[in-house]
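**Student:** Please model the complete structure; the sequences and the hints are all you need to start from.
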Amino acid sequence: MSQALADELTSLLSLERLEDNLFRGQSRDIGTRYVFGGQVLGQALAAAQQTVDDARIAHSLHGYFLRAGDINAPIVYQVERLRDGHSFSSRRVLAIQHGQPILNGSISFQIDEPGFEHQLSMPEVPGPDDLEPPATISPEELAQLPEKLQRWLTRRGPFEFRPVYPRDELRPSKRPPYQHVWFRLGGHASDDARLQRAMLAYASDFHLIGTATLPHGISYLSHEVQMASLDHALWFHRPFRVDEWLLYSCDSPSAQGARGLARGMIFARDGRLVASTAQEGLLRMHRPG
Numbered sequence: 570m571s572q573a574l575a576d577e578l579t580s581l582l583s584l585e586r587l588e589d590n591l592f593r594g595q596s597r598d599i600g601t602r603y604v605f606g607g608q609v610l611g612q613a614l615a616a617a618q619q620t621v622d623d624a625r626i627a628h629s630l631h632g633y634f635l636r637a638g639d640i641n642a643p644i645v646y647q648v649e650r651l652r653d654g655h656s657f658s659s660r661r662v663l664a665i666q667h668g669q670p671i672l673n674g675s676i677s678f679q680i681d682e683p684g685f686e687h688q689l690s691m692p693e694v695p696g697p698d699d700l701e702p703p704a705t706i707s708p709e710e711l712a713q714l715p716e717k718l719q720r721w722l723t724r725r726g727p728f729e730f731r732p733v734y735p736r737d738e739l740r741p742s743k744r745p746p747y748q749h750v751w752f753r754l755g756g757h758a759s760d761d762a763r764l765q766r767a768m769l770a771y772a773s774d775f776h777l778i779g780t781a782t783l784p785h786g787i788s789y790l791s792h793e794v795q796m797a798s799l800d801h802a803l804w805f806h807r808p809f810r811v812d813e814w815l816l817y818s819c820d821s822p823s824a825q826g827a828r829g830l831a832r833g834m835i836f837a838r839d840g841r842l843v844a845s846t847a848q849e850g851l852l853r854m855h856r857p858g
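Under the working numbering, the first residue of the sequence shown is numbered 570, with each subsequent residue one higher.
In short, the hints are calculated from the structure, not lab data.
In this text, a Cβ means the ideal position worked out from N, Cα and C, and glycines have one as well.
Check before you lean on any hint, since a few could be wrong.
[Stated by the list, open to error] List time: in silico DMTMM-like cross-link candidates among lysine to aspartate or glutamate, alpha-carbon distance up to 25 Å: (1) Lys743 - Glu849; (2) Lys743 - Glu710; (3) Lys743 - Glu682; (4) Lys743 - Glu793; (5) Lys743 - Glu701; (6) Lys743 - Asp839.
[What the hints assert, rightly or not] Simulated restraints on C-beta separations: (7) Gly600 - Pro745: 25 to 31 Å; (8) Tyr603 - Arg744: 25 to 31 Å; (9) His855 - Gly600: 17 to 23 Å; (10) Ser823 - Glu738: 19 to 25 Å; (11) Ser823 - Tyr633: 17 to 23 Å.
**Tutor:** Structural data, given as C-alpha cells:
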C-alpha cells in the first residue's frame, strides 16, 4: 500500500505536456475541501523544471495562492520563460482552473557551482525510530466530525509523519509556537532529482502554517477557525531524498490581522540543512453572533 501511494504521487507530479510551455495536471482528493496547496506547488515546480535544461537546478520557489482549487477538475500550468542567463534561469508559472488563476508562482534555477558554506545546526531531538506514529482518533469522536474531515483523518497519504511533540488536534492546548516533525515518503522514489524536489515541495505544505495556531489553543479541526495558505516560499540548499527521514523544524514569529507567519527548516538525518520554507496563512476566528 505504501509503495502504491508513493507511485500515485509520482504520477500526480508527472504532468501532461500540451504545448512547449503549457502543461496539465490532475488532482487527488485527500479529504480536504479544496485542492491541497502542496499539490499545486509540486506541480508548478514540475512544469517549470520541464522548461530548463538538466544542468539548471531549482533553488527557490515563491508562490501566491489566489483561489481555492477544485479537486474535481484538472489544472493547467502556463510557464513563462522570463530569462536564461549564464548561471541563472527564471520562470513564471500560472496555475489555471476554470479559466481563472489559482496560483501565481516564480521559480529560479541555477547551474551547480561551488561557493561559501555554512548552516544552522539541526535541533537536538529524538530520532524517528524513537517516536510513535500519530495517534488515531477514536471511531466515536470521528463520527462527530464533518464527512470531509473524516476522510482526511482516515485516508492514508504518501508521506508518514512522526511529531516530536504530539498534540491532540481535537483538544489542542496552548503551547509555544514551534514544532519538529520527522517525515518521509512511505515508499521508494525515483533517483530523479527533479521529482525529488517536486515531492519535497508537496510535503512542505504540511504542518507549516499549523505552527502559528499553537499559542492559541486552536487547530484545523476547530469549527470556529478558518485557515488557508496565502503564500509559500521554498529554498533548496543541498541534495536530499524524500524517501529517507527528514526533520521539519518550524516556528511562528508572529500572528496578527487574521494572518499568521511560519518558517521552517528541513534537515536530513545526518544534520545537513537541505531546504528552508516560509508561509503566511489566513487565521480567521468566526465568533458567534
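**Student:** Hints first: check each against the structure and report whether it holds.
**Tutor:** Taking the hints in turn, this is what the structure says about them:
no.	hint	in the structure
1	Lys743 - Glu849	20 Å, holds
2	Lys743 - Glu710	21 Å, holds
3	Lys743 - Glu682	45 Å, violated
4	Lys743 - Glu793	16 Å, holds
5	Lys743 - Glu701	22 Å, holds
6	Lys743 - Asp839	32 Å, violated
7	Gly600 - Pro745: 25 to 31 Å	29 Å, holds
8	Tyr603 - Arg744: 25 to 31 Å	28 Å, holds
9	His855 - Gly600: 17 to 23 Å	22 Å, holds
10	Ser823 - Glu738: 19 to 25 Å	22 Å, holds
11	Ser823 - Tyr633: 17 to 23 Å	19 Å, holds
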